[in-house]
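Listed here are the chains, written in short residue letters.
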Amino acid sequence: MSPTGEELYRQREQRFNDIVALRKPDRVPVVPLACGYFADLWKGHSYKEAGYNHPQHYAAIRDATIEFGWDLSPMNSLFAADGYEALGITQLRWPGGELPDDTGFQFVEDEYMLADEYDEFLADPNGFTVRKIFPRIATNLEGFAQVPIPPLYFMANTYYLLNVGGPLLGAPPIRKALESLLAMSDAVGAYFAADAATGAELAALGYPRAVAAPIIPPFDMVSDMLRSLRGSTMDMYRHPEQLLGAIDLMEKAQIGLALMLIQLTGNPRVFIPMHRGAGGFMSEEQFEKFYWPSFKRLVLAIIEAGGVPCPLLEGDYTPRLKYLAELPAGKVAGHFDKVDRLKFKEVLGDKMCFWGNVPLSLMCTGKPQQVKDDVKELIELFSDTGTLMLDSVTGIPDEARPENVMALREAADEYGVF
Amino acid sequence: MSQELTDAIVEMREDEAMALVKSMLDGGADPTTVLEQAKDAMTELGRRFECEEAFIPELIMGGEIMKNIAEELKPHLKGAGVAKKRGTVVIGTVHGDIHDIGKDIVVMMLDINGYEVLDLGVDVPAEQFIAAIRKNRPRVVGLSGLLTLAFDSMKSTVEAIATAGLRDQVKIMVGGAPADKQVQDYTGADGWGNDVGQALKLCAEWTGGEA
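As given, the protein sequences belong to chains A and B, one line each in that order.
For the first sequence, the working numbering gives the first residue as 1, with consecutive numbering after it.
For the second sequence, the working numbering gives the first residue as 419, with consecutive numbering after it.
Among these hints, one or two may not hold up.
Quick list of in silico lysine-lysine cross-link-like pairs, BS3-like style, CA-CA up to 25 Å [to be verified]:
hint: 1; chain 1: B; residue 1: K599; chain 2: A; residue 2: K372
hint: 2; chain 1: B; residue 1: K599; chain 2: A; residue 2: K343
hint: 3; chain 1: B; residue 1: K503; chain 2: B; residue 2: K589
hint: 4; chain 1: B; residue 1: K440; chain 2: B; residue 2: K492
hint: 5; chain 1: B; residue 1: K440; chain 2: A; residue 2: K376
hint: 6; chain 1: A; residue 1: K351; chain 2: A; residue 2: K331
hint: 7; chain 1: A; residue 1: K296; chain 2: A; residue 2: K331
hint: 8; chain 1: B; residue 1: K599; chain 2: A; residue 2: K367
hint: 9; chain 1: B; residue 1: K440; chain 2: A; residue 2: K367
hint: 10; chain 1: B; residue 1: K599; chain 2: B; residue 2: K503
hint: 11; chain 1: A; residue 1: K367; chain 2: A; residue 2: K24
hint: 12; chain 1: A; residue 1: K43; chain 2: A; residue 2: K24
hint: 13; chain 1: B; residue 1: K599; chain 2: B; residue 2: K589
hint: 14; chain 1: A; residue 1: K296; chain 2: A; residue 2: K367
hint: 15; chain 1: A; residue 1: K376; chain 2: A; residue 2: K351
Pulled from the structure, derived: some chain B residues nowhere near chain A, Cβ distances all over 10 Å [stated by the list, open to error]:
hint: 16; residue: M430
hint: 17; residue: E432
hint: 18; residue: E434
hint: 19; residue: M436
hint: 20; residue: K440
hint: 21; residue: G446
hint: 22; residue: T450
hint: 23; residue: C469
hint: 24; residue: E470
hint: 25; residue: P475
hint: 26; residue: T506
hint: 27; residue: R585
hint: 28; residue: D598
hint: 29; residue: K619
No wet-lab data here; the hints were simulated from the structure.
Each residue gets a CB set at the ideal place from its N, CA and C atoms; glycine is no exception.
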């Protein structure tokens, strides 16, 4: 008798947990961390449809999970394009917006906060976000910059709430911004409803979800989102104390958000995409000062709360392996992009499981046999401990060839049964 | 004196570097010499980057200091540009991809290393590369990309360059975080790189000079 969905779910959770805890599993699982456009393209849908038609997008991920024999279902890595549209987002470009229908969404990195605005931001992060950042990333929120908004504590009484708050909310630019926010919320609501429905369907079939929504490391929150690579780089030399102040603020927020997500989603696996800490992006001295301390505290706080940090180490983290060795053994699921496998095995093999690392170029331009050979090499390397999970470098690449995605499963079955 | 400015830039002492430039100019130093010393610093940073003693922040910050120095020197240089003698490189992020951080660093370092660089920007269609090759006759064409969709875009750009009958005139390098030998072979390029060091090496090799 074949196992029920419930049994399969339990087995797959157990396998994942065993591998993270450095216990040898029965076999090597295929666990795509995330899926963006791949499933839609495989189904013959356009990039544009993927962002706008949420039920169809999630159904495509569901079907891909089953068809390609993934052990856990990936996190969806596309956001609601109708949500972007409602706000007039300028921080991203997407198919259906400025980009043609046959290309994926892309982030527009810029200095959304200027170097001389640190003090203003640190003194009143919420007010600054509403008055300065929102209007810079979304045209429909420009009203927040056009009308002077008093600090909210000013309205901590009936008198000012009515007599200042009332007219303020009635001002046409503010009203337009608020209506845009509500329209965005409606779009995102439909998107999350589709997400929840697919999640429940897959869970009933026996597929746990790999990871929940992303928690961005404190340094990257400042560098990626507010100051840009160029800006945050200058800040390391010109405004180190203010940069550290912003990182500190982001650390508190991200820890709070991570713990909230574990509670809300019931999924202990917290996805942490790491960008600017990669080798080459800063010196060890800078890494130790600006990146690692807040990141480490974030990881430890998640472990403390019973979560499983799942950092995605984008770029080449080989030079940072010695830092990762400081994290508690058997508690972190490290997902790797371009790391040196042999070096990982040497430095971290008895401390952390190994997840990912099958090159993008092979998945998108190679032949199935090349993918299988690469997976075979990985499985042989980790055959003693079995602490390995298969995936490409950041989940299933959008333009991966379906036969190469299937090759991950075939290789796992062929070489990965212990 | 001469090494002082170079050292200040290499060690990221920005204020000191700017003060030195001013005092050198006040003391009657030849502005071309001052510029050369600043460029020596960038060359040294490039060398350190190669052997992993310096990293992207030093290149970005060094470039910023360099820009400010060039600005300071502008009125003194009287339009006497520094001759480019190492050949022309046409570079751009391929169609469909709008990422530019890596490309911009490569452009800056090629420029500092004496190449004539024509930066076509991002989301560059094949026709624009072809027009630029016809007009500028570069020795090297650089195709940059971060997204996986860039692989096909790079491939079709290389094919279009061949169809236009220009393939033999240029060496083509593909670059970006996901680039590797597999991508080079797939796209039909002549070389690949993940960082600025590899780009400099390829250009030197193809223009017959030293990296």
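Hint numbers the structure violates, sorted upward? 5, 9, 10, 11, 12, 14, 16, 17, 24, 25 and 28
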